[in-house]
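S.K.: Order-wise, the sequence lines are chains D and B.
Here the first sequence is numbered in the numbering used here, starting from 1 and rising by one per residue.
Here the second sequence is numbered in the numbering used here, starting from 1001 and rising by one per residue.
Any given hint could be a false lead.
[Stated by the list, open to error] Here are the simulated DSBU-like cross-link-like pairs (lysine-lysine), alpha carbons at most 35 Å apart as the crow flies: (1) Lys61/D - Lys45/D; (2) Lys30/D - Lys51/D; (3) Lys1228/B - Lys2/D; (4) Lys61/D - Lys51/D; (5) Lys81/D - Lys51/D; (6) Lys68/D - Lys1228/B; (7) Lys61/D - Lys1048/B; (8) Lys30/D - Lys68/D; (9) Lys30/D - Lys1228/B; (10) Lys1228/B - Lys1048/B; (11) Lys45/D - Lys30/D; (12) Lys68/D - Lys81/D; (13) Lys1228/B - Lys4/D; (14) Lys81/D - Lys1013/B; (15) Lys30/D - Lys2/D; (16) Lys81/D - Lys2/D; (17) Lys81/D - Lys45/D; (18) Lys4/D - Lys30/D; (19) Lys1013/B - Lys4/D; (20) Lys1013/B - Lys2/D.
Source of the hints: derived by calculation from the structure; they are not laboratory data.
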Amino acid sequence: MKAKHQRLTLGILAVVAILGAALLALSALKDQAAFFYAPGDVAGKPLPLGKAVRLGGMVEKGSLIRAKDGVSIGFKVTDGKAVVPVRFRGVTPDLFREGSGVVAEGQFQPDGSFAADNLLAKHDERYMPPQMAGKMHKSESLEP
Amino acid sequence: MLHALANPARFLKIARPLTPALFWGGLALTLFGAWAGLTQTPADYLQKDSVRILYIHVPTAWLGMGGWSGLAVACLSYLIWRHPLAIVAARATAPVGAVFAALCLITGSIWGRPTWGTWWEWDGRLTSMLLLFFVYIAWIALARADAERGGDGRIPALFGVAGTVLLPIIRYSVVWWNTLHQGESIGITRSSIDGSMLWPLWFTLSGFSLLFCGIVLMRMRALLAQQKVEARLRRRAAQ
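Assemble the whole structure, with the sequences as input and the hints as a guide.
M.R.: Here it is in structure tokens:
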């Protein structure tokens, strides 16, 4: 075997090993690298109480309640497996609306609800003009 | 074909006319794509006009990662075939890729503020892209230190290959982990961006890619010229 071919074999082996390492890192860090808890992740398990965590999912349609003071809201976050009620007081991001994604930062309460002190809007990977979106699915705005 | 190009004299003969063609062609495509993206496409149903930054953000992300792929291929072929031109290509690519990775982080941050409601979050996609930027900086520092100590570039070449581990992590971070960043919009066969909004992206993508190649060729020619000057000075000092 020529030295060049030996190096070529080593190089290919190295690339395979690197891809394997990436796969291992991706699957091993699955829990630690999660940006938020989904409602299904905490259902039926002891709640991470007294810790600042993030809760992410979809804002359930028809669950948004606005308090009379104008800045407090309540809504339900769901991932299709479980539902967590969330309370929040403050300014919501522009893209926050029912049927859309949200990541709430705050703490779980002993009663199973979630008190958020910050909201982030999560949007999906679909982009389309308004007239098309109107046909495909209604996105309800916070505006009355 | 690659072996024929590995001859610096032949490479320079081809690179000289190719550089301005790539640069000006890329600039024209980019400017047209940016103009079309700003004026000729409908706004998004949810994000309104802020969606238009994707015509810049997506190409910079693609080239930030594509730059490292090119650097890694150059490093690997340097290690295997010992072509002196390969390590020159890697050294020419690194700062350009780093700039594009930084542009991707900056435009992403500007986009995140009005849509997500935050400039920065430590989610899987954002963090792994920031790591890639740091790895670029580390590679540049290592390659310089190696050159200064008279090394043959084998150590940065090894690091260049090893750094590739980040690319699949960035690519699949939004698939395997739950992140604030949305999933992949553009696949090989289909795209979740509506066609009426998608087409200027092909112009900015190809335009930025040509610009990238043009700048890399420019830097390669400068590095080769510098090597020539240094070799000549050494010869003169030895006489």
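S.K.: Hint by hint, note whether the structure agrees.
M.R.: To see whether the hints hold, each was checked on the structure:
no.: 1; hint: Lys61/D - Lys45/D; verdict: holds (26 Å)
no.: 2; hint: Lys30/D - Lys51/D; verdict: holds (20 Å)
no.: 3; hint: Lys1228/B - Lys2/D; verdict: holds (32 Å)
no.: 4; hint: Lys61/D - Lys51/D; verdict: holds (28 Å)
no.: 5; hint: Lys81/D - Lys51/D; verdict: holds (23 Å)
no.: 6; hint: Lys68/D - Lys1228/B; verdict: violated (76 Å)
no.: 7; hint: Lys61/D - Lys1048/B; verdict: holds (22 Å)
no.: 8; hint: Lys30/D - Lys68/D; verdict: violated (41 Å)
no.: 9; hint: Lys30/D - Lys1228/B; verdict: violated (50 Å)
no.: 10; hint: Lys1228/B - Lys1048/B; verdict: violated (54 Å)
no.: 11; hint: Lys45/D - Lys30/D; verdict: holds (18 Å)
no.: 12; hint: Lys68/D - Lys81/D; verdict: holds (31 Å)
no.: 13; hint: Lys1228/B - Lys4/D; verdict: holds (27 Å)
no.: 14; hint: Lys81/D - Lys1013/B; verdict: violated (63 Å)
no.: 15; hint: Lys30/D - Lys2/D; verdict: violated (42 Å)
no.: 16; hint: Lys81/D - Lys2/D; verdict: violated (59 Å)
no.: 17; hint: Lys81/D - Lys45/D; verdict: holds (14 Å)
no.: 18; hint: Lys4/D - Lys30/D; verdict: violated (39 Å)
no.: 19; hint: Lys1013/B - Lys4/D; verdict: holds (28 Å)
no.: 20; hint: Lys1013/B - Lys2/D; verdict: holds (32 Å)
Comparing the model with each earlier hint shows violations of hints 6, 8, 9, 10, 14, 15, 16 and 18; every other hint is respected.
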